[in-house]
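Asks: Following the hints, complete the assembly by docking chain B onto the known chain A.
Line by line, the protein sequences give chains A and B.
At position 77 of the first sequence (counting the first as 1) the number is 61 in the working numbering, and the numbers step up by one without a gap.
So the mapping is simple: the working numbering equals the position in the second sequence, first residue as 1, plus 2.
To be clear, the hints were calculated from the coordinates, so they are not data collected in a lab.
Some hints could be false.
[To be verified] Here are some of the chain B residues that sit facing chain A, going by a computed Cβ distance under 10 Å:
| # | residue |
| --- | --- |
| 1 | H18 |
| 2 | V56 |
| 3 | F81 |
| 4 | F85 |
| 5 | R88 |
| 6 | I89 |
| 7 | I112 |
| 8 | T140 |
[Stated by the list, open to error] The calculated label-pair distances, taken between Cβ atoms and stated as ranges, are:
| # | chain 1 | residue 1 | chain 2 | residue 2 | range |
| --- | --- | --- | --- | --- | --- |
| 9 | A | C89 | B | W153 | 31 to 37 Å |
| 10 | B | W72 | A | E(-7) | 45 to 51 Å |
| 11 | B | W72 | A | K(-2) | 41 to 47 Å |
| 12 | B | K44 | A | I86 | 18 to 24 Å |
| 13 | B | F82 | A | I7 | 15 to 21 Å |
| 14 | B | G159 | A | I7 | 47 to 53 Å |
| 15 | A | G17 | B | L224 | 32 to 38 Å |
| 16 | A | I85 | B | Q73 | 28 to 34 Å |
| 17 | A | I19 | B | L180 | 45 to 51 Å |
| 18 | B | L180 | A | L48 | 37 to 43 Å |
| 19 | B | L181 | A | T(-6) | 48 to 54 Å |
| 20 | A | K(-10) | B | R248 | 33 to 39 Å |
[Stated by the list, open to error] Distance condition first, Cα-Cα at most 25 Å in a straight line; then the derived DSS-like pairs of lysine-lysine:
| # | chain 1 | residue 1 | chain 2 | residue 2 |
| --- | --- | --- | --- | --- |
| 21 | A | K(-10) | B | K44 |
| 22 | A | K(-2) | B | K44 |
| 23 | B | K44 | B | K114 |
| 24 | B | K114 | A | K(-10) |
| 25 | B | K114 | B | K249 |
| 26 | B | K249 | B | K194 |
| 27 | B | K114 | A | K(-2) |
| 28 | B | K194 | B | K114 |
Everything numeric in this text was worked out from a predicted model, so none of it was measured.
Glycine residues also receive a C-beta, built at the ideal position from the N, C-alpha and C atoms.
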Amino acid sequence: MKLTRKNYETRNQKIVDFIIGFIGFMILNGVLGGIGQLLSALLTVPLSRLNSNSTDLIYGIVGLIAICTPLVINIGAIIFFAFTRYWIALGALTAFAVGLIIVICISIFLLATCFGLLGMYNTQSP
Amino acid sequence: MRPVLLTINGIPIYSHGFFFLLGLSVGLAVLIIEARRRRWPKEEVIPITLAAFVGGMIGARVSILFFNGWQTAPVVLNFFALFDPRIGPGSILGAVAGAYLGGYIAARAIGKQGCACDAFAPAMALATAVGRIGDFLTAEDGMGKPTSLPWGVPVAGPVPGTSYLAHPAPLYDAAFNLLWFGTLILLRDHPKMQNGNLLKFGLAGYAVFRFFVEFVRNNQVLAFGLTGQQFFCLALLIALAVYYGRKLRETPATAAVA
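Chain A with its partners taken away, still in its complex shape (with noise of 0.2 Å):
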């Protein structure tokens, strides 16, 4: 698939995309959360039905999946428009940087557990 990418003439344009792809990135993140809360809701009674072992299995599938899907939407999407629409990417690369740093700067007052001590691992954080 060959991408076309745009060639933006005005400044104006470059805005425009840009804050399609900010606000863009908030968008599609709050609709992906809705929908996974939504699913998680829908398919918990179905799968609580089946027995046990074709439910475990099931369960993590249809997790892993659901669990993955985000974040392979949102480095997918940001890489295609990297490559077509340039200040979209932009938009949404900076949208998700300003929300990291956000994360980072409340870190400060809490006492975030590494991944040694989350309970289920056996060994301390790399």
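Replies: Frame of chain A, contents of chain B only:
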């Protein structure tokens, strides 16, 4: 140990978060100074830095899957968990790989010829040196195996009320990275340390150090007595050796054609 660095009006300031943020800030400052010194346009530096930062945060988290096992998948593959301040960032090795990949993709996306990445080398070294202080003060990330060496630090033992002396592995890391930062600064203008070579040299140096310091850390052994982090370091060093091996083979051929 000092997991709470200080208290302001009754609000605790935790060492890990504080030094993590300080490390990132210091690294960013070095990057900006280096970028200005090299006269890199901000139209290139900004997107590459953003991509490296985001890529680094994702890489740090996802790499835990390899180092700590599939049972970590519900957390490390969860996009929204990236925004949970109660969960630590993850592995510095994964962060390095993710940052490199993110920066590389961004450089290709903006059509940059060559590598705009050498400024990251001293920045990452200094950022890591600072961040590791927080790991040490928190005493939960990477404190080493028991030791009888005079510089061993007391850590809580498995039985409540007991303690033992452990290698201060985060301080080894911090000390190395501080020295490495100085080394990279001294080498930054060397003709052979341009066009990505300084960054690769920086990564190689840290990989060698990390491979050996892993022997005094408590990370999970995967095979042959080596941890996942050591396998990662070996893979990185092999990849760099292959890369430079190919470059060396191409150079005489190019000269012959010329």
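Asks: Each hint should be assessed against the structure and marked as holding or not.
Replies: Verification of the hints:
Because the closest C-beta pair between H18/B and chain A is about 5 Å apart, less than 10 Å, the hint holds. Given hint, V56/B at the interface with chain A, holds; its Cβ is 5 Å from that chain's nearest Cβ, closer than 10 Å. Among the interface hints, the one on F81/B holds; its C-beta lies about 4 Å from the nearest C-beta in chain A, closer than the 10 Å criterion. Interface hint at F85/B: satisfied, since its Cβ lies 5 Å from the closest Cβ of chain A, which is below the 10 Å cut-off.
Given hint, R88/B at the interface with chain A, holds; its Cβ is 6 Å from that chain's nearest Cβ, closer than 10 Å. For I89/B, the interface hint holds, the least distance from its beta-carbon to any beta-carbon of chain A being 6 Å, beneath 10 Å. With its C-beta approaching chain A no nearer than about 7 Å, I112/B sits inside the 10 Å limit, and its interface hint holds. A least Cβ separation of about 8 Å between T140/B and chain A falls short of the 10 Å threshold, and the interface hint therefore holds.
Range check, C89/A to W153/B: Cβ separation about 33 Å, and the 31 to 37 Å hint holds. At about 49 Å, the CB distance of W72/B to E(-7)/A agrees with the hint of 45 to 51 Å. Separated by about 43 Å at the C-beta atoms, W72/B and K(-2)/A satisfy the suggested range of 41 to 47 Å. Evaluation of the 18 to 24 Å hint for K44/B and I86/A yields a pass: the beta carbon distance comes to about 23 Å.
Our hint of 15 to 21 Å for F82/B and I7/A holds, since their Cβ atoms are close to 18 Å apart. The beta-carbon spacing between G159/B and I7/A, approximately 52 Å, falls within the hinted interval of 47 to 53 Å. For the pair G17/A and L224/B, the beta carbons lie near 34 Å from each other, so the given range of 32 to 38 Å is met. With their beta carbons about 29 Å apart, I85/A and Q73/B fall inside the hinted range of 28 to 34 Å.
Restraint check, I19/A to L180/B: a C-beta distance of roughly 46 Å satisfies the suggested window 45 to 51 Å. Hint check: L180/B to L48/A, Cβ distance near 41 Å, so the stated range 37 to 43 Å holds. Our hint of 48 to 54 Å for L181/B and T(-6)/A holds, since their Cβ atoms are close to 50 Å apart. At roughly 35 Å, the beta-carbon separation of K(-10)/A and R248/B lies within the given 33 to 39 Å, and the hint holds.
At roughly 21 Å between alpha-carbon atoms, K(-10)/A and K44/B fall within 25 Å of each other, so this suggested pair holds. A hinted pair counts as satisfied when its Cα atoms are at most 25 Å apart, and K(-2)/A with K44/B qualifies at roughly 16 Å. Between K44/B and K114/B the alpha-carbon distance is near 13 Å, which keeps this suggested pair within the 25 Å criterion. Between K114/B and K(-10)/A, the direct Cα distance comes to roughly 17 Å. Compliance with the 25 Å bound is thereby established for this hinted pair.
Distance check on the hinted pair: K114/B and K249/B sit about 20 Å apart at the alpha-carbon level, within 25 Å; holds. This hinted pair checks out: K249/B and K194/B have alpha carbons roughly 13 Å apart, not beyond 25 Å. Of the pairs offered as hints, the one joining K114/B and K(-2)/A holds, with about 19 Å between alpha carbons and a cut-off of 25 Å not exceeded. Annotation: proposed proximity of K194/B to K114/B holds, straight-line Cα distance about 20 Å (limit 25 Å).
Hint violations for this structure: none, all hints satisfied.
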